[in-house]
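Undergrad: All chains should be modelled from the sequences, with the hints used to inform the complete structure.
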Amino acid sequence: MAFLLYPGFNQRIQMSYMLRDLEKKLNKLKMIDEDVKAKTIESLQRYAEEGRDVKSELEKLLDSFIISPESMDPYGIVWKLEHIVNTWEDRFEEDVMKLCSKADNMKVKTLTNLVEVARGIHYIYRVVRHYYLLGKKTSNIYLILQMQMLMPQIMEIAEAYHYASYAFSQGQPIGDGIGVLAVAKLAYGKEKKTYEIAKDTIVQEMDFEGRKLIIVRAVGPGGTVGRPGEGVKKVVEAEGDKVKLIITIDAGLKLEGEDSGKVIEGVGVAIGGTGVDKYKIEEIAKNKGIPLYAIVIYESIVEAITPMRESIAKSVDKILEKVKQTILEKVDKDYTVIVAGIGNSVGIGVT
Amino acid sequence: MFPTKPPANKFAQPLTFLLCFNCKTENSRPFKEGDYVFLEVEEKCPKCGSNKMLVTGIYVKEKQEKKKEV
Numbered sequence: 032m033a034f035l036l037y038p039g040f041n042q043r044i045q046m047s048y049m050l051r052d053l054e055k056k057l058n059k060l061k062m063i064d065e066d067v068k069a070k071t072i073e074s075l076q077r078y079a080e081e082g083r084d085v086k087s088e089l090e091k092l093l094d095s096f097i098i099s100p101e102s103m104d105p106y107g108i109v110w111k112l113e114h115i116v117n118t119w120e121d122r123f124e125e126d127v128m129k130l131c132s133k134a135d136n137m138k139v140k141t142l143t144n145l146v147e148v149a150r151g152i153h154y155i156y157r158v159v160r161h162y163y164l165l166g167k168k169t170s171n172i173y174l175i176l177q178m179q180m181l182m183p184q185i186m187e188i189a190e191a192y193h194y195a196s197y198a199f200s201q202g203q204p205i206g207d208g209i210g211v212l213a214v215a216k217l218a219y220g221k222e223k224k225t226y227e228i229a230k231d232t233i234v235q236e237m238d239f240e241g242r243k244l245i246i247v248r249a250v251g252p253g254g255t256v257g258r259p260g261e262g263v264k265k266v267v268e269a270e271g272d273k274v275k276l277i278i279t280i281d282a283g284l285k286l287e288g289e290d291s292g293k294v295i296e297g298v299g300v301a302i303g304g305t306g307v308d309k310y311k312i313e314e315i316a317k318n319k320g321i322p323l324y325a326i327v328i329y330e331s332i333v334e335a336i337t338p339m340r341e342s343i344a345k346s347v348d349k350i351l352e353k354v355k356q357t358i359l360e361k362v363d364k365d366y367t368v369i370v371a372g373i374g375n376s377v378g379i380g381v382t
Numbered sequence: 009m010f011p012t013k014p015p016a017n018k019f020a021q022p023l024t025f026l027l028c029f030n031c032k033t034e035n036s037r038p039f040k041e042g043d044y045v046f047l048e049v050e051e052k053c054p055k056c057g058s059n060k061m062l063v064t065g066i067y068v069k070e071k072q073e074k075k076k077e078v
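The listed protein sequences correspond, in order, to chains L and G.
Heads up: the first sequence begins at 32 in this note's numbering, then just goes up one per residue.
Heads up: the second sequence begins at 9 in this note's numbering, then just goes up one per residue.
Treat the hints as calculated values from the structure; they're not laboratory data.
None of these values were measured; they are calculated from a predicted model.
Using N, Cα and C, we set each Cβ at its ideal position, and we do this for glycine too.
Here are the in silico distance ranges between beta carbons for each label pair:
{"no.": "1", "chain 1": "G", "residue 1": "C31", "chain 2": "L", "residue 2": "D52", "range": "49 to 59 angstroms"}
{"no.": "2", "chain 1": "L", "residue 1": "K223", "chain 2": "G", "residue 2": "G42", "range": "17 to 27 angstroms"}
{"no.": "3", "chain 1": "L", "residue 1": "T305", "chain 2": "G", "residue 2": "K69", "range": "31 to 41 angstroms"}
{"no.": "4", "chain 1": "G", "residue 1": "K69", "chain 2": "L", "residue 2": "S170", "range": "45 to 55 angstroms"}
{"no.": "5", "chain 1": "G", "residue 1": "K69", "chain 2": "L", "residue 2": "F40", "range": "50 to 60 angstroms"}
{"no.": "6", "chain 1": "G", "residue 1": "G42", "chain 2": "L", "residue 2": "K91", "range": "24 to 34 angstroms"}
{"no.": "7", "chain 1": "G", "residue 1": "K69", "chain 2": "L", "residue 2": "H161", "range": "34 to 44 angstroms"}
{"no.": "8", "chain 1": "L", "residue 1": "S99", "chain 2": "G", "residue 2": "G42", "range": "36 to 46 angstroms"}
{"no.": "9", "chain 1": "G", "residue 1": "F29", "chain 2": "L", "residue 2": "I185", "range": "44 to 54 angstroms"}
TA: Okay, here's the thing in structure tokens:
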């Protein structure tokens with residue numbers, strides 16, 4: 032019994048328990064990673080030519096990386112970041128297109144999303160494995176403890192990625208697409224002019240109670256978020272001083288205990304991602320003195336990347352009610368309002 | 009250390025909601041690959057028999073849970 036009193040022994044026992052718990056979760060992560068990879072290979076194979084080694088080409092895509100621009104001199108960093116991200120997106124899409132030569136353009140976009148999901152879960156697995164092995168090798172209880180504390184959230188995100196792979200492989204709308212869904216419903220059945228303004232981004236011009244309503248959204252039903260920042264910037268430049276309001280609609284992260292699908296109004300630009308699109312809209316709006324209104328639909332990170340839930344889908348009518356009311360209150364007749372539906376357009380068609 | 013294979017399709021599958029152009033009834037069925045919101049499909053309406061419907065929504069139905077206020 033005396034050895035139990037030896038300093039540090041209790042800590043060793045505690046560490047072995049924590050390592051065992053981490054190992055169990057790491058095994059589960061590995062299974063999810065393998066399942067998502069298998070699902071991705073199966074989906075890609077359906078559109079690839081016979082005899083093409085999809086597995087090794089997917090491995091190459093999963094291990095690819097992006098190096099963020101140098102920020103020592105922050106001047107012009109947004110444009111550098113935009114250039115790198117655009118290059119990355121174009122290259123990723125081209126690689127998937129080459130691999131799946133039988134798929135049409137829309138399917139390529141959804142398959143690209145699926146590969147991104149597979150890459151995301153593979154990265155999570157690699158990072159967790161790294162800290163597990165490092166903690167074990169160095170017997171660093173604090174490293175292991177931190178990892179163990181983070182594991183419940185990491186597992187939740189991993190499960191969400193798992194579920195997301197099913198959604199993307201079949202082209203089902205996801206929670207993040209609520210902004211696109213709302214503007215699609217706003218444009219449905221109206222007489223309008225539709226054209227592409229930036230890569231994967233379309234504009235729909237129509238009349239709304241004497242005001243010119245311009246909708247900016249990602250083109251669907253393939254999975255893409257488009258380039259709404261570039262789209263809004265070009266529209267404002269083309270319309271001159273006629274634009275009196277910009278409204279962005281997007282999914283926003285809710286806090287625990289809050290209801291999913293709750294519609295909240297605020298000011299600013301509701302866009303996630305790298306920040307490039309947000310910057311572009313803020314910049315042009317500031318230069319022209321255009322007010323920025325935002326409508327956010329609460330959802331969790333899991334709900335954002337998994338098939339759309341009823342409470343989120345049903346919030347569309349509330350969103351449209353708020354959009355219409357805001358336009359009537361803030362924009363005079365004969366002026367222009369831009370409504371940007373932000374999010375992934377997977378499973379949402381162009382109306 | 010004894011990994012088991014994750015059960016396939018353990019996730020709730022979404023339903024596709026269709027609106028009949030003729031009788032304006034909303035019907036639902038399990039999601040089929042190729043469905044997307046605002047797609048016009050040639051499917052028979054169970055109520056009036058018309059064969060043109062519009063996909064108005066694709067989402068996972070939720071059970072109504074009584075929440076405890078915190």
